[in-house]
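Please put together the full structure from these sequences, using the hints given.
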Amino acid sequence: MLNLTPEQAESLAPDAGTLSRARSIAKPANYRNIGYSERAIWGVARGSSDYDSFVDLTGPAFKCSCPVKKLPCKHIMGLLLLISRQPELATHCDTPPDGLEEWLKKRDATTEAKITKAQNKNAEVKDTAAQAKRAEQRESYVQQGVEELKRFLEDIFNAGLLEASKRSGDSWEQMSRRLIDAQAKGLANQLNTIHRKLGVGPDWVADCLTDIGNLYILIRAWENREQLPPELVEDIRARIGWTRSKDDVLLLGAKQNDHWLVLNQFMSYESDIYSQNIWMIGRDSGQFAQILGFGSDHNTDGLTRGLTNGYQISGELAYYSRWHQQRAELATSSLLANNILADHSWLHQHAHSCIRTAVSDLQTRRLRLPWASEWPLLLRDVRLVMKEDRLALVDQHQQLMLLDTNEVSAWQLLASMGKQPATLFGISHDGETLVPWGCLQNQHWTAFTFNREAQL
Amino acid sequence: MNTSSVAATDLPENAQASQAARKALQELQKTAIIGLGHSPDLQQIERHLAAIPGGAQILQQSAADSRDKGQQFMENLLLAQGACQFSRLPVADRYDELPDVPAEITAPLTAQQLQQFDDIGRGCEADDYLEVITRLLAGHQRAIPDTKLMPLVQRYQSQPAPLRQVLTLLSQRGEWLLRLDHQLISDTNALPNPQLPHPVNFVDWLQQANETDWQTLWQHWPNLNRQWQERYILTLNRANHELVLRFVTGCWSVVAVDGRERLIPLVARLCELARPPAPSATGILSSLKKRVLGESEVIPHLLSEANTLIVAELWNWILETRRDRSAKIRQLMLPLMYQLAQELPENLQDDNSRALVSALEQQLQCYLPRQGAHDTEPLAPEELTPELEALGIQNSRQYAKSIAAGRLVQLVELAGVDLIARYLQCTAAMVVTTLAKSAFGEELSPALLASCLRNRDPAALQSWCKHYTQDNYQQSNIVGTYVSHYGTAEMASRLVILCDSGLTNMACSRQMASTLSNLGLELSADHSAVFIQQLLKERHLYGLPLWGNVLNLNSNGQKLIDQYQQNAINKGNTVPPQLSAFTTLFALRASLHS
Numbered sequence: 001m002l003n004l005t006p007e008q009a010e011s012l013a014p015d016a017g018t019l020s021r022a023r024s025i026a027k028p029a030n031y032r033n034i035g036y037s038e039r040a041i042w043g044v045a046r047g048s049s050d051y052d053s054f055v056d057l058t059g060p061a062f063k064c065s066c067p068v069k070k071l072p073c074k075h076i077m078g079l080l081l082l083i084s085r086q087p088e089l090a091t092h093c094d095t096p097p098d099g100l101e102e103w104l105k106k107r108d109a110t111t112e113a114k115i116t117k118a119q120n121k122n123a124e125v126k127d128t129a130a131q132a133k134r135a136e137q138r139e140s141y142v143q144q145g146v147e148e149l150k151r152f153l154e155d156i157f158n159a160g161l162l163e164a165s166k167r168s169g170d171s172w173e174q175m176s177r178r179l180i181d182a183q184a185k186g187l188a189n190q191l192n193t194i195h196r197k198l199g200v201g202p203d204w205v206a207d208c209l210t211d212i213g214n215l216y217i218l219i220r221a222w223e224n225r226e227q228l229p230p231e232l233v234e235d236i237r238a239r240i241g242w243t244r245s246k247d248d249v250l251l252l253g254a255k256q257n258d259h260w261l262v263l264n265q266f267m268s269y270e271s272d273i274y275s276q277n278i279w280m281i282g283r284d285s286g287q288f289a290q291i292l293g294f295g296s297d298h299n300t301d302g303l304t305r306g307l308t309n310g311y312q313i314s315g316e317l318a319y320y321s322r323w324h325q326q327r328a329e330l331a332t333s334s335l336l337a338n339n340i341l342a343d344h345s346w347l348h349q350h351a352h353s354c355i356r357t358a359v360s361d362l363q364t365r366r367l368r369l370p371w372a373s374e375w376p377l378l379l380r381d382v383r384l385v386m387k388e389d390r391l392a393l394v395d396q397h398q399q400l401m402l403l404d405t406n407e408v409s410a411w412q413l414l415a416s417m418g419k420q421p422a423t424l425f426g427i428s429h430d431g432e433t434l435v436p437w438g439c440l441q442n443q444h445w446t447a448f449t450f451n452r453e454a455q456l
Numbered sequence: 001m002n003t004s005s006v007a008a009t010d011l012p013e014n015a016q017a018s019q020a021a022r023k024a025l026q027e028l029q030k031t032a033i034i035g036l037g038h039s040p041d042l043q044q045i046e047r048h049l050a051a052i053p054g055g056a057q058i059l060q061q062s063a064a065d066s067r068d069k070g071q072q073f074m075e076n077l078l079l080a081q082g083a084c085q086f087s088r089l090p091v092a093d094r095y096d097e098l099p100d101v102p103a104e105i106t107a108p109l110t111a112q113q114l115q116q117f118d119d120i121g122r123g124c125e126a127d128d129y130l131e132v133i134t135r136l137l138a139g140h141q142r143a144i145p146d147t148k149l150m151p152l153v154q155r156y157q158s159q160p161a162p163l164r165q166v167l168t169l170l171s172q173r174g175e176w177l178l179r180l181d182h183q184l185i186s187d188t189n190a191l192p193n194p195q196l197p198h199p200v201n202f203v204d205w206l207q208q209a210n211e212t213d214w215q216t217l218w219q220h221w222p223n224l225n226r227q228w229q230e231r232y233i234l235t236l237n238r239a240n241h242e243l244v245l246r247f248v249t250g251c252w253s254v255v256a257v258d259g260r261e262r263l264i265p266l267v268a269r270l271c272e273l274a275r276p277p278a279p280s281a282t283g284i285l286s287s288l289k290k291r292v293l294g295e296s297e298v299i300p301h302l303l304s305e306a307n308t309l310i311v312a313e314l315w316n317w318i319l320e321t322r323r324d325r326s327a328k329i330r331q332l333m334l335p336l337m338y339q340l341a342q343e344l345p346e347n348l349q350d351d352n353s354r355a356l357v358s359a360l361e362q363q364l365q366c367y368l369p370r371q372g373a374h375d376t377e378p379l380a381p382e383e384l385t386p387e388l389e390a391l392g393i394q395n396s397r398q399y400a401k402s403i404a405a406g407r408l409v410q411l412v413e414l415a416g417v418d419l420i421a422r423y424l425q426c427t428a429a430m431v432v433t434t435l436a437k438s439a440f441g442e443e444l445s446p447a448l449l450a451s452c453l454r455n456r457d458p459a460a461l462q463s464w465c466k467h468y469t470q471d472n473y474q475q476s477n478i479v480g481t482y483v484s485h486y487g488t489a490e491m492a493s494r495l496v497i498l499c500d501s502g503l504t505n506m507a508c509s510r511q512m513a514s515t516l517s518n519l520g521l522e523l524s525a526d527h528s529a530v531f532i533q534q535l536l537k538e539r540h541l542y543g544l545p546l547w548g549n550v551l552n553l554n555s556n557g558q559k560l561i562d563q564y565q566q567n568a569i570n571k572g573n574t575v576p577p578q579l580s581a582f583t584t585l586f587a588l589r590a591s592l593h594s
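For the protein sequence lines, the chains are A and B, in the order given.
Read in this note's numbering, the first sequence has 217 at position 217, and its numbers run on one by one without any break.
Read in this note's numbering, the second sequence has 21 at position 21, and its numbers run on one by one without any break.
To be clear, the hints were calculated from the coordinates, so they are not data collected in a lab.
Note that CB positions come from ideal geometry on N, CA and C, so glycine has one too.
Check the hints yourself; a few may be wrong.
[Claimed, not checked] Below, simulated DSS-like cross-link-like pairs (lysine-lysine); rule was C-alpha separation at most 25 Å, straight line:
| hint | chain 1 | residue 1 | chain 2 | residue 2 |
| --- | --- | --- | --- | --- |
| 1 | A | K166 | B | K571 |
| 2 | A | K150 | A | K185 |
| 3 | A | K197 | A | K150 |
| 4 | B | K571 | A | K150 |
| 5 | B | K30 | A | K150 |
| 6 | A | K27 | A | K69 |
| 7 | A | K246 | A | K114 |
| 8 | B | K559 | A | K27 |
| 9 | A | K166 | B | K559 |
| 10 | B | K23 | A | K197 |
| 11 | A | K105 | A | K69 |
| 12 | B | K559 | A | K197 |
| 13 | A | K70 | A | K114 |
| 14 | A | K197 | A | K117 |
| 15 | B | K571 | A | K27 |
[As the list claims (entries may be wrong)] With beta-carbon atoms standing in for the labels, derived distance ranges:
| hint | chain 1 | residue 1 | chain 2 | residue 2 | range |
| --- | --- | --- | --- | --- | --- |
| 16 | B | S594 | A | N451 | 34 to 44 Å |
| 17 | A | A238 | B | A568 | 17 to 27 Å |
| 18 | B | A568 | A | D284 | 43 to 53 Å |
| 19 | B | E211 | A | S20 | 51 to 61 Å |
[What the hints assert, rightly or not] Away from chain B, derived, C-beta distances all over 10 Å, residues of chain A:
| hint | residue |
| --- | --- |
| 20 | S11 |
| 21 | R107 |
| 22 | Q119 |
| 23 | A129 |
| 24 | R134 |
| 25 | I273 |
| 26 | Q363 |
| 27 | K387 |
| 28 | Q398 |
| 29 | S409 |
| 30 | N451 |
And the structure:
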């Protein structure tokens, strides 16, 4: 029988309107010929005319014969909602309907072509001298950009930040453009961030210095790249501006097969862009994985759908970096069908019971990659207490860690943990405070919602 | 809070290095602000950095590598930041324990009920959802569970009125949460007052209250926001007449004479909101509100159903109150006195009451001259005569654009349609018709409505509605509001019947929905059918008031909804999601009842 939860089905909706319309048609009378295989779900929606609705569980991907272009449409969503509530309505069948089979074959062919292209691309890189020359040329451009940036920062300190904040933005923008010309977009972005912070807020000097420090350490790492391990250099290059496509990562990234518990997922919306941030942890490996996704109102293909907090999926991830295995892409197929409610008891095994040890471990990891800004932390047997009007965690050794409740309201922590010890997952940006993301108490996983949470 | 202390021996090993790094970072910040050009000496910074383990060596190396001060500065910055940021480790420290979670005093909702709330939420707009759950929970003395409470608090954080409405339904744990999360509730008066009993226990508390308790209650009462006051007063629905009256007189007894003016709004509020089984007491006392707050709205006097004992008690109380030193209070009591004087049973009438009624009748003769049988054309008093002034009538533009018309409005409101009917020898409904058609019809509208409601005269009210609410949504809402606050089930039923005569706005207005719900009115089978027919018309299907109305539908109404749903499915039509939510709503209401 299909293992699809209503929450999971709802999370696939492209927008609230479609979901609302889908709810109203998610009734047995509105569908016929509902079936599923290991690969797909299908059904015929009855409306003003009949519409064939298909779901490819790999991806997942959707197709409907209705005229709506934004997928999944209400017919597909209605079908998913219906069978998530009444899975017995779907008949298992290994032979999908004609239209579906054709579509799946087409999708497979496209995927295969992508992989071949990525493989060929990598093969070409190794074999073609021209590629090597272009790579060398890019390194040289970046090197020039880095040197100019270093001089720019030195000039800033010679004049002083106060003076820099009063100057017109031209010099900063010019430097930023120079870095983009030098194909170091990552550095340009960091510079723009510093520029935006100048003179803003009560702690702007400290904030700017921290960011300049992080930028400068990246510059120094680039300069010393020949002495550094190649895995780290890959990371530095990615930070500076060398991009890796999802297909490249899936093909070349460090793979990890495991049962992944979805700890929480956060979606923000800024400048017309949806940014998705999903954290998971492997049951066997204890490794964290962060999946980032980006999309717009018109294109949400880059966003990962169908994951439910507190549930686990079984499958393979590909990490972007071999040096710092954190950001990853899902390589697993048929996520929906494998989704099972997680038994969370194993989570304790991967959690730190001592805050000090956990932070010490975190600081060691930070030293390996000082410019990274998000560090996952899993703590067990910690309680909520107050430290000078702020919520904090305390462990059995009475060691404290302050909680940052700007992004996640304190009430969620209080409501789910109360005064009882719990296992808590959070992200630290500075090794000092923790932004809580979720907690486990009484075998129940609570994923906190974020104040700036955006809905599609 | 309990304070837990630990031995301060667990300091980090690199505390000295951290301290040196922090000092260096402070110096670096100062230098960074003004620039190296103005702060040529980096030696002070380097002295601090040298105290960091390995710092001296790094400094030496960077000095050799750096080509200028700018680069050297950034190298120093890296060293200080690294030492500062990456060496931070948690320490054992003092902290305060969270306060204990208090035991719940309301029965928790079952998992099924919680699920039903979710299902309802999916089928309606957010504001309707709030209305539904607050009505259901407050009506059944239940609290909002934490999981439902907090999203509502966050949603209405910047909207004080709905937020306060939510907060009156706090569970003990919910209150505990909100007191700890200072960011959520800035207005601490929005939270329950720990000095007062919880509204759930209020009736029991009142029964045993002594003078000290009255003083405590009165001390904190004025600081409670309106929603909390209402929540307390609504709990008096469970109380008997005597207890409601005791509540008012108990507070009155402990308030200093000069402070009684502040008590009157409480009394008025109490009278507005307290519902049957205490209608008589509240009805009598509600007249206290008249003009007390200087509000323009009409306050009905629900004296007709008051029992003799309470009318007598109130009459004595009012006479006593008149002796208060405050002239304002004496003035405020006048309308109530005229009202009471008219309502006193024969055996309780005295010279005072007869004189008051007689004075009123004399003024009616002046300004509502008889024109044939049962007819009159009202005249606006051109000046404020001593006789009118004695009745408490004032020169004010509050009642009408023209001051003269305002005097007439006050006179009609004071006399009421019953007395005018006796004077004109006709029915109250006919009085309404006559005055509504007169030259001052528009100005007299609120006064006539107040009088109809005060007299609980459905026929008169129906007459008023026919003249004033035809195709007028605003007026329909006004009636709905007043009937909601001061009316009876009988009156509401009469209004519903008006649907038949084309007054669909009345049936489908949000206020009407509140009316029916507040009155706890379950419609008859026939009225349910009328309602459903109105509501299922496409233009009303998604209307907000539906929720309130559905709460009151009887089992026949439910059957009609089921039939409609089935028909839609059979015909292949889309079934509005609200309809399935209605069914859930019925189930939830039944479950809370049980």
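Outcome of the hint check:
Restraint check for A:K166 and B:K571: the C-alpha separation of about 71 Å exceeds 25 Å, so the hint is violated. As the CA atoms of A:K150 and A:K185 are separated by approximately 15 Å, the hinted pair is consistent with the 25 Å bound. A C-alpha spacing of about 19 Å is found between A:K197 and A:K150, which places the hinted pair at or below 25 Å, so the restraint holds. Of the pairs offered as hints, the one joining B:K571 and A:K150 is violated, with about 74 Å between alpha carbons and a cut-off of 25 Å exceeded.
Taking the CA atoms of B:K30 and A:K150, the gap is about 21 Å. The hint holds against a cut of 25 Å. Between A:K27 and A:K69, the direct Cα distance comes to roughly 23 Å. Compliance with the 25 Å bound is thereby established for this hinted pair. A distance of roughly 11 Å separates the Cα atoms of A:K246 and A:K114; the hinted pair therefore holds under the 25 Å criterion. For the given pair, B:K559 sits about 20 Å from A:K27 by alpha-carbon distance, which is consistent with the 25 Å threshold.
Proposed proximity of A:K166 and B:K559 is contradicted: the alpha carbons are some 73 Å apart, above 25 Å. A distance of roughly 23 Å separates the Cα atoms of B:K23 and A:K197; the hinted pair therefore holds under the 25 Å criterion. At most 25 Å may separate the alpha-carbon atoms for a hinted pair to count; A:K105 and A:K69 meet this at roughly 21 Å. For the proposed pair B:K559 and A:K197, the alpha carbon gap of about 63 Å is over 25 Å, so the pair is violated.
Between A:K70 and A:K114, the direct Cα distance comes to roughly 24 Å. Compliance with the 25 Å bound is thereby established for this hinted pair. A distance of roughly 42 Å separates the Cα atoms of A:K197 and A:K117; the hinted pair therefore is violated under the 25 Å criterion. The straight-line distance between the Cα atoms of B:K571 and A:K27 is roughly 14 Å, inside the 25 Å bound, and the hint therefore holds. As the Cβ distance of B:S594 to A:N451 is approximately 39 Å, the hint placing it in 34 to 44 Å holds.
The hinted window of 17 to 27 Å between A:A238 and B:A568 is violated, with their beta carbons roughly 56 Å apart. Checked against the given bound of 43 to 53 Å, the beta carbons of B:A568 and A:D284, roughly 51 Å apart, stay inside it. Taking 51 to 61 Å as the suggested C-beta distance range, the pair B:E211 and A:S20 conforms, at roughly 57 Å. A cut-off of 10 Å between C-beta atoms confirms that A:S11 is not in contact with chain B; the least separation is 15 Å.
Against chain B, the non-interface label of A:R107 holds: every CB pair exceeds 10 Å, the least being about 32 Å. The claim that A:Q119 lies off the interface holds: its Cβ sits roughly 40 Å from the closest Cβ of chain B, which is beyond the 10 Å cut-off. Chain B leaves A:A129 outside its interface by the beta-carbon criterion, the shortest separation being 35 Å against a cut-off of 10 Å. Here A:R134 stays apart from chain B, with its beta-carbon at least about 31 Å from theirs, past the 10 Å limit.
Distance check on A:I273: its Cβ is at least 24 Å (rounded) from any Cβ of chain B, clearing the 10 Å threshold; non-interface status holds. The Cβ of A:Q363 does not lie farther than 10 Å from every Cβ of chain B; its closest approach is about 5 Å, which violates its non-interface assignment. Non-interface status of A:K387 relative to chain B is broken: a Cβ of that chain comes within 10 Å, the nearest being about 5 Å off. Not every beta carbon of chain B lies more than 10 Å from that of A:Q398, the smallest distance being close to 4 Å; the non-interface claim is violated.
At roughly 6 Å, the least C-beta separation between A:S409 and chain B is not larger than 10 Å, which violates its mark as non-interface. Against chain B, the non-interface label of A:N451 is violated: not every CB pair exceeds 10 Å, the least being about 8 Å.
The structure fails hints 1, 4, 9, 12, 14, 17, 26, 27, 28, 29 and 30 (numbered hints given earlier, in ascending order).
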